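K.L.:
For reference, the chains in residue letters:
There are 2 protein chains.
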Amino acid sequence: MILVKKALSIICKNTKKNLATENINTEKSLGRILAENIRSVVDNPPFNMSAMDGYAVHDNPSTGIYKVVDVTFAGKPTKKRLTKGKAIRVFTGSKLPKGTKAVIIQENIKKLEDKLIFNITKKIKLGNYIRKKGLDFKRNKIIITKSKEINSRDIALLIGANVKHVKVFKKPRITLLASGDELIVSNKKKPEGSIYASSLFMIESLINLSASKCISKKIVKDNKNIIKDELNKATKADVIITTGGVSVGNKDL
Amino acid sequence: MILVKKALSIICKNTKKNLATENINTEKSLGRILAENIRSVVDNPPFNMSAMDGYAVHDNPSTGIYKVVDVTFAGKPTKKRLTKGKAIRVFTGSKLPKGTKAVIIQENIKKLEDKLIFNITKKIKLGNYIRKKGLDFKRNKIIITKSKEINSRDIALLIGANVKHVKVFKKPRITLLASGDELIVSNKKKPEGSIYASSLFMIESLINLSASKCISKKIVKDNKNIIKDELNKATKADVIITTGGVSVGNKDL
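Residue numbers (the numbering used here), protein chains in the order written: chain A, 81 to 333; chain B, 81 to 333.
Hints in this document: simulated from the structure, not taken from any laboratory.
Among these hints, one or two may not hold up.
Covered, in the sense of this in silico footprint (three residues per stretch, anywhere, with C-beta under 8 Å from a C-beta of chain B), are these stretches of chain A [as the list claims (entries may be wrong)]:
#1 155-163
#2 248-262
#3 271-278
#4 285-294
#5 311-321
Beyond 10 Å from chain B on every Cβ pair, some chain A residues (computed) [to be verified]:
#6 LYS86
#7 LYS147
#8 PHE217
#9 LYS226
#10 SER227
#11 LYS304
Just so we're clear, the structure is a prediction, and the values are computed from it rather than from any experiment.
A virtual CB, placed ideally from N, CA and C, is assigned to each residue, including glycine.
Using the sequences provided together with the hints, build the complete structure.
P.N.:
Here you go:
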């Protein structure tokens, strides 16, 4: 028996790392292995953004009266510029008006009348509740490095960074050979002494769970020439996985 | 905010558990949810099987001389019956000859000449290295219970038990709606103040990782009637997942 660590090391030493690459849609890249470092195409957030529902103000705000001069929703920014004593209604995710120095969250204000607000409860610090442009990551910054397997969070990151395509390694094509005169598949007549080739299907499903592709699976008789033939025929495979023949018996070829 | 536990409990309380079922090939059942208890079709092992390479003997073997009268490979059983003083060469996985009381592993014998073996090192117990018919599981025994998600090991178990088809729940069809005037997908012109709908694609990929099916994903404007329309249109969905509108702002509909 060989320890898993040792087996992996033997495999890595004897493997040519020359898998081809391909460009695929980011949306379809789940589970694939990156063949390049990925840089963001945009700043994120793409603009100074409100982190909360509230009111954007220009001056170093303390308790005081502000005139609400406009409203801006996420996706619908105002053209107006803030000046001292003015406030603009903002919502989470909305682009902050020019001149914004802080956001007062709505929980901390009291409306006096329709167009007036009164900051009542807390002193506000400059920069409060502003998610600055590029706070998460800046344009051209490496956001995911080569060789990483792309997971669901990475998909969100890539889409948010406006990365439309990624270069990934092609899925290794795997040929699966189970050797054993006793092995059969279920739909065949069951000869005496035979057993179902269960590991063939288990390994196929494990391949399907990884970023690989099982291109062929086959039961092979315990015969040196047949095994040799099948190995030679597997020219389209990047990887051949065999089961059986692991001991020192007369049929462990 | 609602805790995950609480959220799950609300969802479960308000869910009709009436997903349809379907019969699928065992080979294709990875990740699916069983809609029935699964019983084995066969005994496993299907016959008394040798657990090792060695020699099957009939008598309570101790140090002694045996005549090797036949050889049996996995998948190629012998018709011969063992009697006292006789041995038959067996290999791992091979069906044991009639009359087998124990297997002497090859490490513990010394061959005297072509047809003779000499048990030299250890006293052998009756039943040694015999994997009895039905040891793992017996025909008609429940081997996997309803509601289990089928993993790779289960595939091996089902194939080994000669279960050709399994009844599973149909994949829940999920409609994904992300509401927000600011949301866009990458191939559209980017209006000021907009951001990429990254969570839409992340959630889609999470759905694809589960035993579910994303049948539709869409960005919806912050408008009560449009949201209502889209919810009404999602008649083919078993589940609707929405994002956005989670706070108390004027556009959190």
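K.L.:
All the hints need checking, so say for each whether the structure fits it.
P.N.:
Here's how the hints hold up against the structure:
1. With a threshold of 8 Å between beta carbons, the proposed coverage of the segment 155-163 of chain A by chain B holds, since 3 of its residues qualify and at least three are required.
2. Here the segment 248-262 of chain A counts 3 residues with a CB under 8 Å from a CB of chain B, which clears the bar of 3, and the coverage holds.
3. Given as covered by chain B, the segment 271-278 of chain A passes the check, having 8 residues with a CB less than 8 Å from a CB of that chain where 3 are the minimum.
4. Counting residues of the segment 285-294 of chain A whose C-beta lies closer than 8 Å to any C-beta of chain B gives 4; at least three are required, and the coverage claim holds.
5. Here the segment 311-321 of chain A counts 0 residues with a CB under 8 Å from a CB of chain B, which misses the bar of 3, and the coverage is violated.
6. Every CB of chain B is more than 10 Å from the CB of LYS86(A) (nearest about 22 Å), matching its label as outside the interface.
7. At roughly 19 Å, the least C-beta separation between LYS147(A) and chain B is larger than 10 Å, which holds for a residue marked as non-interface.
8. Annotated as non-interface, PHE217(A) keeps its C-beta farther than 10 Å from every C-beta of chain B; the closest such distance is 12 Å.
9. The claim that LYS226(A) is not at the interface with chain B holds, since no C-beta of that chain comes within 10 Å of its own (minimum 20 Å).
10. With a minimum CB-CB distance of about 19 Å to chain B, SER227(A) clears the 10 Å threshold, and the non-interface call stands.
11. The claim that LYS304(A) lies off the interface holds: its Cβ sits roughly 14 Å from the closest Cβ of chain B, which is beyond the 10 Å cut-off.
Going through the hint list in order, the structure does not satisfy hint 5, though it satisfies all others.
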